[in-house]
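*Asks:* Sequence:
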Amino acid sequence: MIVVVGGPSGCGKSTVGSSLAEALNAPYVEGDALHPKENIHKMETGHPLTDEDRWGWLAKIAHHSQEEALKSKSGICVVSCSSLKKVYRDRIREEAPEETVCFVFITVDLEELKRRVSHRQHHFMKVDMVNSQIAIMEVPQTNESKCLVYHNNVDIKDCVSKIKKLMK
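So the sequence shown is numbered by my numbering: it starts at 145 and just counts up by one.
Derived from the structure by calculation, the hints contain no laboratory data. Certain hints may be false.
Here are the simulated PhoX-like cross-link-like pairs (lysine-lysine), alpha carbons at most 25 Å apart as the crow flies [claimed, not checked]:
{"#": "1", "residue 1": "K308", "residue 2": "K258"}
{"#": "2", "residue 1": "K181", "residue 2": "K217"}
{"#": "3", "residue 1": "K258", "residue 2": "K229"}
{"#": "4", "residue 1": "K181", "residue 2": "K204"}
{"#": "5", "residue 1": "K186", "residue 2": "K258"}
{"#": "6", "residue 1": "K306", "residue 2": "K186"}
{"#": "7", "residue 1": "K204", "residue 2": "K301"}
{"#": "8", "residue 1": "K204", "residue 2": "K217"}
{"#": "9", "residue 1": "K229", "residue 2": "K186"}
{"#": "10", "residue 1": "K306", "residue 2": "K230"}
{"#": "11", "residue 1": "K308", "residue 2": "K290"}
{"#": "12", "residue 1": "K309", "residue 2": "K230"}
Quick list of the computed label-pair ranges, beta carbon to beta carbon [stated by the list, open to error]:
{"#": "13", "residue 1": "S158", "residue 2": "K306", "range": "17 to 23 Å"}
{"#": "14", "residue 1": "T189", "residue 2": "A167", "range": "33 to 39 Å"}
{"#": "15", "residue 1": "K230", "residue 2": "H295", "range": "15 to 21 Å"}
{"#": "16", "residue 1": "M281", "residue 2": "G219", "range": "29 to 35 Å"}
{"#": "17", "residue 1": "G219", "residue 2": "D302", "range": "19 to 25 Å"}
{"#": "18", "residue 1": "K301", "residue 2": "N275", "range": "31 to 37 Å"}
{"#": "19", "residue 1": "N296", "residue 2": "E238", "range": "27 to 33 Å"}
{"#": "20", "residue 1": "A167", "residue 2": "E188", "range": "30 to 36 Å"}
{"#": "21", "residue 1": "E196", "residue 2": "G219", "range": "30 to 36 Å"}
{"#": "22", "residue 1": "E211", "residue 2": "R260", "range": "28 to 34 Å"}
{"#": "23", "residue 1": "N297", "residue 2": "S262", "range": "29 to 35 Å"}
{"#": "24", "residue 1": "K309", "residue 2": "E196", "range": "35 to 41 Å"}
From the three backbone atoms N, C-alpha and C, an ideal C-beta is built for every residue, glycine too.
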């Protein structure tokens, strides 16, 4: 199983993802580390990524996470990836057909996102890019398979319990 922790920059993907990985005895992959240099440069210079910029990165997320899940004793890999649009989540599912893919999507109020991102150090995503993410964000709806949506805070125990139910 691949557990993708998604949402806009500053929502807590890395924090939640590493906590979930620990609770599920699974490896954690920082999705930002899989971006090609061109994507990072684009974001560092204040240019939002296009769908075309993202396709290869999403495939890499899926393939790398699938490999990690197969190597893991738990059979699970947790990965952070914004997965802001349904087509991005669908692409990850398509690229990892042998794995069950579950999404934990976190939303946070815009001002709080901006506050968090503005306090980051040594990260390529700058505060002026948050609006571009919110503009394209499609929060998973109830009819989208294997998606858990949290607003502001993620109760890790609750989330782990729900993920385990999705594994059955």
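*Asks:* All the hints need checking, so say for each whether the structure fits it.
*Replies:* Cross-check of the supplied hints:
{"no.": "1", "hint": "K308 / K258", "verdict": "violated, 33 Å"}
{"no.": "2", "hint": "K181 / K217", "verdict": "violated, 32 Å"}
{"no.": "3", "hint": "K258 / K229", "verdict": "holds, 20 Å"}
{"no.": "4", "hint": "K181 / K204", "verdict": "holds, 14 Å"}
{"no.": "5", "hint": "K186 / K258", "verdict": "holds, 19 Å"}
{"no.": "6", "hint": "K306 / K186", "verdict": "violated, 36 Å"}
{"no.": "7", "hint": "K204 / K301", "verdict": "violated, 29 Å"}
{"no.": "8", "hint": "K204 / K217", "verdict": "holds, 22 Å"}
{"no.": "9", "hint": "K229 / K186", "verdict": "holds, 19 Å"}
{"no.": "10", "hint": "K306 / K230", "verdict": "holds, 21 Å"}
{"no.": "11", "hint": "K308 / K290", "verdict": "holds, 11 Å"}
{"no.": "12", "hint": "K309 / K230", "verdict": "holds, 22 Å"}
{"no.": "13", "hint": "S158 / K306: 17 to 23 Å", "verdict": "holds, 20 Å"}
{"no.": "14", "hint": "T189 / A167: 33 to 39 Å", "verdict": "holds, 37 Å"}
{"no.": "15", "hint": "K230 / H295: 15 to 21 Å", "verdict": "holds, 18 Å"}
{"no.": "16", "hint": "M281 / G219: 29 to 35 Å", "verdict": "holds, 30 Å"}
{"no.": "17", "hint": "G219 / D302: 19 to 25 Å", "verdict": "holds, 21 Å"}
{"no.": "18", "hint": "K301 / N275: 31 to 37 Å", "verdict": "holds, 33 Å"}
{"no.": "19", "hint": "N296 / E238: 27 to 33 Å", "verdict": "holds, 30 Å"}
{"no.": "20", "hint": "A167 / E188: 30 to 36 Å", "verdict": "holds, 33 Å"}
{"no.": "21", "hint": "E196 / G219: 30 to 36 Å", "verdict": "holds, 33 Å"}
{"no.": "22", "hint": "E211 / R260: 28 to 34 Å", "verdict": "holds, 31 Å"}
{"no.": "23", "hint": "N297 / S262: 29 to 35 Å", "verdict": "violated, 20 Å"}
{"no.": "24", "hint": "K309 / E196: 35 to 41 Å", "verdict": "holds, 36 Å"}
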